[in-house]
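One letter stands for each residue in the lines below.
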Amino acid sequence: MNIDSIKNGYVIDHIKEGKGMQIYEDLKLGELNCPVAIIKNAKSNKMQKKDIIKVDGNIQLNIDVLGYIDSDITINVVKDSKIIKKYHPELPEKITNIIKCKNPRCITSIEQELDQVFVLTDKEKRVYRCKYCESKAK
Amino acid sequence: MKHLIDIKDLSVEEIDELIEVAKDIIKNPDKYSKKCEGKILATLFFEPSTRTRLSFESAMLRLGGNVLGFSEANSSSTAKGESVSDTIRVVGEYSDIIVMRHPKEGAPVVAAEKSIVPIINAGDGGHNHPTQTLTDLLTIKCEKGRFDNLTIGLCGDLKFGRTVHSLISAMVRYPKVKFILISPEELKIPSYIKKEVLDKNKIEYIETQNIEEYMNKLDILYMTRVQKERFFNEADYIRLKDSYILDEEKIINSKKDLCIMHPLPRVNEISVKIDNNPKACYFKQAKYGKFIRMALILKLLEEC
Ligand SMILES: [Zn+2]
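These protein sequences, in sequence, are chains E and S. At position 86 of the first sequence the residue is numbered 85 (numbering that gives the first Met the number 0), and the sequence of numbers has no breaks. At position 194 of the second sequence the residue is numbered 193 (numbering that gives the first Met the number 0), and the sequence of numbers has no breaks.
Source of the hints: derived by calculation from the structure; they are not laboratory data. The beta-carbon is built from N, C-alpha and C at its ideal position, and this holds for glycine as well. Do not take every clue at face value.
[Stated by the list, open to error] Non-contacting residues of chain E with respect to chain S, defined by C-beta distances greater than 12 Å in every case (computed): (1) Glu24; (2) Gly29; (3) Asn40; (4) Lys84; (5) His87; (6) Glu112.
[Stated by the list, open to error] Chain E side only, calculated, beta carbon under 7 Å to chain S, not exhaustive: (7) Arg104; (8) Cys105; (9) Ile106; (10) Glu110; (11) Tyr131; (12) Cys132.
Let's have the full structure, built from the sequences with the hints guiding it.
Structure follows, in structure tokens:
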């Protein structure tokens, strides 16, 4: 894989330095068959250093995961080696099964089959709360 | 309104409506005595709370309905490992409305998602207990005649007391309500309640450790229990507990129409000598609890 050019896929840019691996894992990119590259400590004009992830393959990205981790990152959609779309992921209203409720008194701690759902309750402060017990995420 | 899980789910109008129905039931009980004939209320108490359960059962029986249920988890299928979701699906087939109490926070949210009949949360751990708040509101309305223009003293454990937190959240929606927050340093109101509820709604409040300091200003005095487990050491508890026990002497300077409330059960935080004082409203409060639960059952079953 040529790191600079991909044919059809995504370039996830402006990832905060050191967050690349987390995104790689949360998006489960390790399970893909197509080429995936993580570039760490790349030079950036906007930021001092940044991480970049490139995925060469037509896959469905979980935008909610990206929005939750960092809505400042840039997603570039590549088709036929050209960037056809560039955007920032939105802060999702709801995230499912990305983080777990850590409140030991929460119903999700005993009912295993329940989805782990967090709801955005304060957009400015980016606060997510457990849908069941209303505990703050993290 | 389909379920009642959290007092925040109710608008001011919906609360007013429930209170009006409850007041009408108090006035004309006969009119309502057959409203729920043929209907079944299930009381699922995964954690025991005799007082709350009896209040709901009495409410349903006074409406002419029937009740079934269990009063603790070890006599139920949950002890055998059945989930809330499954229990609710099954019980929904046997009843028209379900009241549940559960030790885990958010359990009624799960129930409401899975249920084909209305769910009433009768307490989920230390999280929500909306019918207690409705009880408090009906008491205030009946005893004071209004929700606005009240100075409310909250005394005791303001840190962990969920009844106090949800009463504050419910009352800040009315104009000219002031709070006097009386507690030992260790049990002060959490800062998120101050920031996200009191300050956000521009509510006037004073924090004090002295129960007598503002006694003459209070329209309502809401007492809660100061529990021993909440203190790091016994010496602090012993030093403080008596200062938050209400007796005749402490209310000497109070207004003539002060209304003393308490969610009950009481241990020793209010002297029994006050029980016969017309200012004592806590037993009336228990009575109001049944009437507001009757109104709520009617509302959720769409019988009024
Ligand atoms: Zn939770």
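For this session: Using Cβ atoms only, decide whether Tyr131/E comes closer than 7 Å to chain S, and label the hint accordingly.
Result: With a closest approach of 3 Å, the Tyr131/E hint holds.
Exercise. Is the interface hint for Cys105/E satisfied, with its Cβ closer than 7 Å to some Cβ of chain S?
Worked result: Holds - the Cβ of Cys105/E comes within 7 Å of chain S, reaching about 5 Å at its closest.
Exercise. Would the hint on Glu110/E stand, with a C-beta cut-off of 7 Å toward chain S?
Worked result: OK, holds: Glu110/E within 7 Å of chain S, min 5 Å.
Problem set entry | Consistency of the no-contact label for Glu24/E, given chain S and a CB cut of 12 Å | holds (27 Å)
Exercise. Regarding the assertion that His87/E does not contact chain S, is the least Cβ-Cβ distance greater than 12 Å?
Worked result: holds (28 Å)
Exercise. Close enough to count: is the Cβ of Arg104/E nearer than 7 Å to one in chain S?
Worked result: OK, holds: Arg104/E within 7 Å of chain S, min 5 Å.
Problem set entry | Nearest-CB test (12 Å) between chain S and Lys84/E | It holds; Lys84/E is separated from chain S by about 36 Å at its closest Cβ, greater than 12 Å.
For this session: So, Cys132/E near chain S? Judge it on the closest CB pair being under 7 Å.
Result: Since chain S brings a Cβ to about 4 Å from Cys132/E, closer than 7 Å, the hint holds.
Exercise. Can the hint on Ile106/E be confirmed by a CB-to-CB distance to chain S that is less than 7 Å?
Worked result: At 4 Å from the nearest chain S Cβ, Ile106/E passes the 7 Å test, so the hint holds.
Exercise. Is the Cβ of Gly29/E more than 12 Å away from each Cβ in chain S?
Worked result: For Gly29/E, whose nearest Cβ neighbour in chain S is about 32 Å away, the distance exceeds 12 Å, so it holds.
Problem set entry | 12 Å cut-off, C-beta based - Glu112/E kept clear of every residue in chain S | violated (7 Å)
Exercise. Is the Cβ of Asn40/E more than 12 Å away from each Cβ in chain S?
Worked result: The claim holds: Asn40/E sits with its nearest Cβ about 38 Å from chain S, beyond 12 Å.
When held up to the earlier numbered hints, the structure conflicts with hint 6 and nothing else.
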